[in-house]
Each structure stands twice: as C-alpha cells, then as structure tokens.
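Undergrad: Here are the chains, one letter per residue:
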Amino acid sequence: MRVLRVDEVLASLDAPKVNAIENVLIAPHDAVVVCAGFEERSLGVLQSLHSVARPRVILVEYRPVLLGNRLEECLSECRRIDVTPLRYVYDRENPAGAGSEIWSLLHGISGRVFIDVSGMSRLLIVQLLGSCMSQPTSSKVTVLYTEPEHYYPIQEQLAGAQGKASRSRVEFLSWGVSEITVVPELSSVALPEQPTHLIAFPSYDGQQLAAVRKDVEPARISLIFGMPLPEHGKWRLEAVRGLNYRRTQRNVAEYVTSTYDYRETLHLLLQLYSAGQRLEKIVISPTGSKMQTIAVGITKAFLRDVKVVYPTPGSFATEAYTTGIRRMHELPLDAFWPTSCS
Amino acid sequence: MKEYLPQAEKFLGLSIPLFPTFRIIEKRASGANAHVFRAHSADNETDLACKVIPTENISGDNWRDELKKPNRLRSPGIVHCIEAAPWRDDSLGIDCFLICSEYVPGHSLKEYLSAHRRGLQVVFAERFLKFIFPILDELRKLRYSHGDLHTGNVLVEDRSDILGSDPYAFRLTDFTCSQLSSGAMTKDDYSQLALILRELLENIDYQSSSARDRFVFDQLNDLFLGRYFLDCDRTREPLARNAAALFNKLLLLDTEWTSLQASAREQLTSPFDYLSCELVRTDDLLKSLYSDRFLGLPNIEEKNNLVLTGPRGCGKSTVYRSLSLRHRCLTGDDVPDAVRYIGIYYRCEDLYFAFPRYCLPSREEGLNVPLHFLTVTLLALLLESVEMWGKRRFEEEFEQLEAHTSKVLWAALGFQLPQIPGVHSFKALSDKLRKERTRAAEKQKYMRTHSSMGEYLGPEVLVNCCSIISSSFPTLQARPVYFFIDDYSSPKVSVDLQRNLNRLLMQRSAACFFKISTESPVSFERGDSDGKNFVEGREYRLVNLFSVFIHTAIQQRQGFIDDVFDRRLQLVFDYPVKSIQSLVGDSAASSHNEVARGIRKKEYPALYGRQVLHELCSGDLHYVIDLVGRMVALNGGPASLRHESSPRIRPSVQSQAIREYCGDFLRSLSDVPNGAHMIEIITAFANVAHSYLRYKNSANEAGNPPHQASRIEPYVRLDLSNDAERIYKELLRYSVFIEDVRGKSIRGHVVQRLYLRRLLIPHFNLTFSNRDSISLENSEIELLLLAPDKFYRRMRMTAFNGPDDQLPLLEEPEA
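If you're matching them up, the sequences are chains Y and B in order. Going by this note's numbering, the first residue of the first sequence is number 1, and it counts up by one from there. Going by this note's numbering, the first residue of the second sequence is number 343, and it counts up by one from there.
Pairs of lysine to any residue, SDA-like flavour, derived with a Cα cap of 20 Å:
id, chain 1, residue 1, chain 2, residue 2
1, Y, K214, B, R654
2, Y, K214, B, K1071
3, B, K629, Y, Q194
4, B, K777, Y, P184
5, B, K777, Y, R304
6, B, K834, Y, Q194
7, Y, K214, B, S1012
8, B, K834, Y, N94
9, Y, K214, B, V864
10, B, K787, B, E707
11, Y, K214, B, F1007
12, B, K787, Y, D91
13, Y, K214, B, S618
14, B, K785, Y, E185
15, B, K1071, Y, S178
16, B, K834, Y, S178
17, B, K787, Y, A96
18, Y, K214, B, R1075
19, B, K777, Y, E185
20, Y, K214, B, P833
21, B, K787, Y, P184
22, B, K785, Y, P184
23, B, K834, Y, E185
24, Y, K214, B, K834
25, B, K785, Y, P95
26, B, K834, Y, T312
27, Y, K214, B, L621
28, Y, K140, Y, A335
Rough simulated footprint, nothing fancy, chain Y against chain B, three-plus residues with beta-carbon under 8 Å:
id, stretch
29, 564 to 570
30, 779 to 787
Think of the hints as simulated: they come from the structure by calculation, not from any bench. Note that the coordinates shown come from a computational prediction; the quantities given were computed from them, not determined experimentally. Don't be surprised by glycine CBs; every beta carbon is placed ideally from N, CA and C.
All chains should be modelled from the sequences, with the hints used to inform the complete structure.
TA: Quick look at the structure:
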C-alpha cells in the first residue's frame, strides 16, 4: 500500500547484467557515441562496425588535446565504414552542459543509442547517463564497454614505488588535480542544512580523494574500493587501499564492489542513499572503474538530490594507462526507464 | 450505475423543484451515480450545490435519516445538507433524487490533484489529515461513517475573497451517499482515507523536500498509510483506526523530528575527535565543544555588518553555528533574556553547488537569479527559526500574529498565493520559499537556452521582510536578525557571484546584519555588480581572527586554548587526564633570544608544554588539538597516560610529535592544486629566515640577539603581477602565510605583514618571537612567489653575510 520512493523502486528492479559480446549489432537507424580517448580500446567499437551498418556516429574529441588522443584513428575508422561523424568537442576544463548537448546531437534517432564508454571521461559518463532521463530515446540506450588487454600499473611498478610512497607522491595512471569540477546539471540544492556524506571511489592517485575531501568537507565518508576481475589481479585492491591510507580516518566506512559488475555498486549506492537520505546530503565523487561510474550515472539519473563532484586529473600517463583490446561488453539500460515514483 | 445517469446537459437552465428561484447554471462534476451542479438564484444572489441521482441508483428507504447524519456533525469543514427530495418531470424525462447543499466555491481534491501533479508539498497532506481526523473521530462517537470518502468528496474551498480568513480550507461533502445512491456496501472510511493519502503522497516530490518534510513523508507513508489505516486490530496496533490518537500522533511529528535530530548518538570517544565543525552533526555535541571564551566573540556580536576571516580550523564555523537561534533552541539555550539577536546560520557550500563557476550573465534580467536564491533561502531559515523559537518561548503571541504576519509577507514577496489550506502560516511560506530555491537553481542551469526569465526578487526584499517580521512580533522588536554567512570564499563562491550577492549582503539596515565569514582577506570581493566598492569601516567591519589572536593578551589567549582542551578532555568518559596542564605540563621559561642562540649552536630546544602549544597556535586551534592527539598516540595511547608523573606525555614525545606534525602538514599541502609550488615557497622563505637567525643580529637590540623573523614585511604596499597575485592568494587561502593588516613598514607605509603559519616554525628551526621581520621589496616578493629557488639563492644569509649562488637548492632543515 505504501508509496515507493525512487530509490526503493530502483533497488527492487532486476537490474540487467553486463554481457560479453563478440560483435555489436548496430543498424542504420541507430547511433553510436564514441570518444577519441588516448587508450587503444577507444577504437574497439568503431573497429567492430561493418560498412553496411552506417549508424549516426557522434565522435567526442577532448580539449585540451592530450598527446596520444586517437582522433585521427577514429576518423579513419569512420571513413572505413563510410560514415561522416558528428564531432563534439568536450572541453575538460569547461564541461558544463555536455551531456544534454550530446543528446541534442542524437535528436531524431529512431533506433537504439549506443554509448561507448571505453575512452570516455568518468565525468562525461555521468553527465550522459545523468541527463538520459529527460531524453525521448532514453528507453533504448545500450552502454558499450571494451575491456583492455592490460591495465596499468603493473605489480612491479607498484612494488618499485612503494618505498617512496610514504614520503612523496607516486604517479601512475593520472596525477594531480587541476580542479574540483561541479557542473550544474549534476548538482542539487536539496537539504542545504544537512551535513555532507561523501561517497568516493579511491584511485591510484590518492591526491584525488584528498582534494575532494578538502573541498567538500564531509561529515562522514564512504569509500568504495574496486575489486577487479581475478584475471586483472586482486592485488590492485590492496594497492589502492594503501595509496589512499590516512593515519587518522574518522567517520570513514569502507566497502568493496566489483569493478566490472556495476550492479554491486548500484545497490550499495542505493543502500547508502536510503540509509541517510533524511539527515545528510550525498555527494559522490566518481573516480572508480568505468562500470562503477555507470552505476553512479544511473543513480544520478534518478536521484536528483545527489550531487556529483569530480577531481579533474591534472595529467595522464597516456602511454601506460591501458593497452590492447580484449573483449567487448554491452549493457542495455531499457529496464531502468521509465521508472516513476515519489 | 453509470448507465442510469441522464445527460447532464438537459439539466442546465432548469429551475430546481425545492427552490424555484434557483436555476442550474453549471455542471461541477459527474460520478458513476450522480451529477453535481451549481444552481444560482439571481433574486438572492447566492448559489446552491445540487446533486442529482437517478432513482435507479437509490436503494433503501431510510435516505432522509441518512441525510440528517452530516447535519449532526459539528466538526469544522462539513458541508451540510439543506434539503432533499425526489425530482420527477415526465415531460423532461427526469426521474431523479435531488440533494441541495451549501455551495462551496473552489475545487474538489480530485481536480486539485490533477492540476498539481507531482507538485504537492508535504504540508498539504498534513493539513488534510489534521482536517479529516476530527471528523472521523466525531463520526465514530455518533456511530456513523462517511461511507464514500474519496478525492471527489473532499473540497478545497476558495475563500480568498473573504477578508481575515484563511483563503483556502478543506471541506467534506457527500456523506453516506454510497448507501443512498448505489446500494453498494458502505466503503470503509479508513481504507478510503488510505487511498486518498496514497494519492497525496504520490504527488509529493520527495527529492525536493526538506529534511523535516522527508521525515514527515516517511512517517505518513510507513506508519499512517502502511500500518494505522489498514490495521483493524487495536489490540495489536493501538493507533489503528483511532482518529483521536492519530490526530495526536500527527501533531507530535515535529517534536519527534526535533528529538530525532538531537538524539542522533554522537559523543566523543577521544578528546581529539570532531576536529572540524562540519563533522559535528548534533547540536548537543557542538554545544559541549564550544567555548564562550572564543577570541573575537565581542566583535562578532556587534551590531555591524562583518567580514570575519581567519585561518582554517580557527573555529569560525563553530562559533557561527553556535550563535544561531536554531542551535540555541535545540540545546535549550534560548531563554528570551539571553537571546539578544535572531541568529541564522547559512553555509555557502549551498551556493557552490547551486552556482558552480558562476559568471555574471549577459542578460540583465538574469542578474537577480542568485540573489533570489539567497533571499528565499535566508528568509526560509529565518521563518523556520522564528517559528521554532516562537512555539517554544512565546507561543500565544506567535499563534495570534502568525497568520497576519504571513499575509503581509506574502504581499511583500509578491508571490502568487498557493491554493492550500493554511497558506497564511510560516510553514506554507517556507515551503514556497524552498520551492523558489529550486526554481532559481534550475533557471540558472538553463539560462543560456531559456528565452523567458520570469520574476526574481531584488536586493531590497530580504531586508524588508526582516523588518516586517521584527515589527510584527513584540518579542522580536528589539532583536535584530544576524545572518551568519559561513565560508563565503572565492573560488568556491566565485568573484562574480560575490559581486552579485554583495548587493544584498553589504546593505546596511537596523533590521538585519550580515556576518560574512571568509577563508582569508583575499577570498572576499570588496565590490558589487553595480560597480560600487565597499569600504571597510563604512559598509562592513573586517575582523581577522589571526590578528585578534596574536594581539590578544597572552593570559586571555591561553585561557581560551586551555578551555577548549579541558572541555574535550572532560567530555570523554573515563579519560585518564582531565586537563591540558596535566597532559602536556608546563615548559621551563626560556627567552626567544636564548632559544635562538641555542639554534645557532645547533642546540635545538625541547618543544613541550602548554606554552609551546600556545605559541604554535595561529588561531588554527583544531590543528593544535590534532597535534596533541598525535602526541598521545606516540606516547602509547590513552593507557600510557594512567600514571601520576607530570606531564603525562613525555617531553621528548611532545617534541617529536611537533616536528613530525609540521612535516605532515607540508606533505598534506601537496594534495591541493599547486601544493608543491607552495611548499617550495615556504621552504625558500623559511630557510632564508633561518639563515638570518644564524648569521644576522637583530638591529637596535641590546645584547645583539639573533635576528628572529617568521614573517615578511613588504617595504611598500603590495603590487604584484597577476601570476604572483594568484599564488599569493593561494598561500593565504590555505593559511600557509597569514596576513595581518595592522602592520606599518619601516618606510612608514601601512602594509600587510605576512606571518608564516606558526605550526611550521619548529620545522624550520626558527623561534616564536614576533620581534623581527624580513623586509622585502615588491620585486623580491614577486621572486619568492614565482621562483622560490632563485629567491632563496639571492636572499640567503651566509657566514659572509651575502648571497651565495653555489649553495644547494632549498636544503632541508637541519633538525
């Protein structure tokens, strides 16, 4: 009889699982959003397309340009399948509104929208999914994800760095925080008087978490560590834990969710929201894995009172981030939309 | 049955049999069994509600008795039946039953809900229940039931044309009509009420609701809807279908919410917990930690606009929160004699999330959007605080004057009056104001693409509303409103946003004062978007807590620091030490000169005792508390303090902790953007200061003591390049250097002196003496900020009293 809140409805949904796929089945009336990132896997989806498909392609290019961005290779793949992509410039230093601007380029698509997150910034993933709810095509969205062959850092890198980790900064995938980014569309003015509960995903750069903590000044923190798939090494969990260790950690709770199965993260986020929604405002910093970030995007799409802040990295190790292309995965989001409740 | 229902149109224009001067002029509603019309009498200039039921839809003979039932009810809001009779006209094909009642202008709840989809406030559901429970209770006493409770039979009456009354009110009509019209079993009132409540809750936007409203929503949803309305067994659930008890329960929700906030179990498990105000959730704990010996408190409580600055961790937020009326109510410290002003606490993190990276708009009509946001937010907080205090301390006065004050406020705000019962109340006003917050924030998001802007409040409205509130309640008349605006600091609150909002916050009025706290003097913008520059001393008074701290008499400073520590030590049950004196002891008195001479001989002082803690503090007391926590940990934890010798923490441990802590502070600085560069600047300056101590004597001092500087004194007023100024502001923002504007340079210019944060002094083997400065030209400060290594090479003293380009770059301190 009682009315279900949105978080309760989401929690009760049978969330779809991520499936490994050989090929992406894309038709001419579909659209693909691809990012020209610096990782090899940015090309995975485009390379798998055949010239008969000819979908609408939205090609996101980053500003400022990083050495190693694969724009030319993406354009070359588009030429191979005889598609002229619609190009969208994503300014990492001024990213506000990017989600809805990309959705506007998808206007008129009658088929399915495929969002390839493989080379996509975490902030953009949340921006795109977070603004998904208000789109007419929201019921036909599939997330595509290409797994790399190798993730960095490798264990030897980490062991070598451990000696100096206690005294100076260790630089792996990315380092430094150029700023804590808050974009209006991922913000909220709910519960101004309540204390802040920060939910953060520690990464290989401890500076990210530290900078967010300093900026947000939370009353309590939930840290969600990522447990990688066994083939990518469980040691990574402890490594990240070590890099983010602080001597004095008060009001901090730690959780572990899969870096691959986003459902674990989604359910945890909903639990944390449900437990504290009256007495605290929730701020999420999505610096976890791509699939954990998808869970943040889905959460933000429905829970408008959640705020998202993002420590924009200062620099990237473009040569040693990920290498190779392993498998593709798909996640149709149809089951989530429309979800209506109080 | 719908099939027997005649066409409504054929009744339009007909005179009604019971009251022939009344003519049916409008169909108001149709259900499955009946039509409802409005009939008007031109002669009497009045209306009647006419319900027309086909004879086939009537069962039983006792209809007249049934009609008498509602007329016996005395609860407010009952629509009484005036007359009823059969209506048969073969020529028109009418064979119906007619019930005439008072005509209620307005809408049915059903119509209201369809017009306000997802736009209801929680207070609407609360008011509906407050209306319906007394009726259900009276019905129970008379052994009646309504029998057909649904949203079509609940009316939202419009009485906005009646002077002095609540403009909207709930009414209940159509009692027992189900028996009369359908022959079906009477519907259970509580099951029907559950359906209505469910529909109301479904139309509330939970995510836009305040914390209090979320609590009430959950109570209504989980308990009222989920249990009390549906459970029939009173032995199992005493509140089940018990209207009187439910009414009381409803009235107590606010009290429950207040106790829920206060009862969140939060206590110190260590004296070194809760170092930042943001970590403290409950007001009781905050009260326990707050010291009323806070330095600078008299400045804060003056009737002036204020810009308060001070290093991070100096307690700005703690004192602001503690002075708010809400906090005082929640901690019982709100006896009217002790409340000299109405303190409203607002944290600007809210602005940061609503207007990230704000720039002044190109469209002038968008200028007031942030101002509107802040005005409605502060006003909502003010109304909620006054209501809380009023209900606690001057209830009769508050209840008498609330409706009138609300009415005047609605007019002053110029908002369209929402059609909700109880609209002339602080709660309804504050709900509307909170909705306006969301409207402004949403407008800001889409300002570039939205063609129409809408109306937004200007800078004069808040001050005007404060005057209205103050003048309306005798208790408030001598008490101005103090808005404690916390963390109004760029870059989080951008320069443009400050310029816009300063149009409000720099206003001078007797009704309200704005007390802005900001991280550093450079994080506050001293002008507004109208081009007006604000002058310290005229529009506002600037209080730098660091300056207050270092210029306060030593005994007073020590008294404050000791009080903060002693409170914390005494708050932890069974903590082995109850005073800071027992914990760290007192150090032997060595003069700064003696210490400096020792450093020259590489004899470094033992750093221990209360006096050293006092010296280490730049006002940033929370860091000093954390440092003592580190000492306890290094000493072996609380268990190691259970001995009788004094001090409980060994001096060598204290010394070690202090030196390590300074190093950790520097390392943590590397976490922030540009942190590494800031560390280079500190190191360059401090090493230069150390070289002065070693190789230069202080001028004009008897005994030629070593030069002891830990501050920069510009020769003339600072004039820096943009790049250098940006770095300079960052140093101040993170309180690496702390500005004191009371300085006068040796050339007689009024300049800002830059003090090295005192926590860092031991790390670089300097002394705590405040006697000397390192005087620098603008070009040298520019060099320090942009190229610290070059500064170090150029400025460092050597045994030969001159710079040496061959010295190693930024060497580590020697200890």
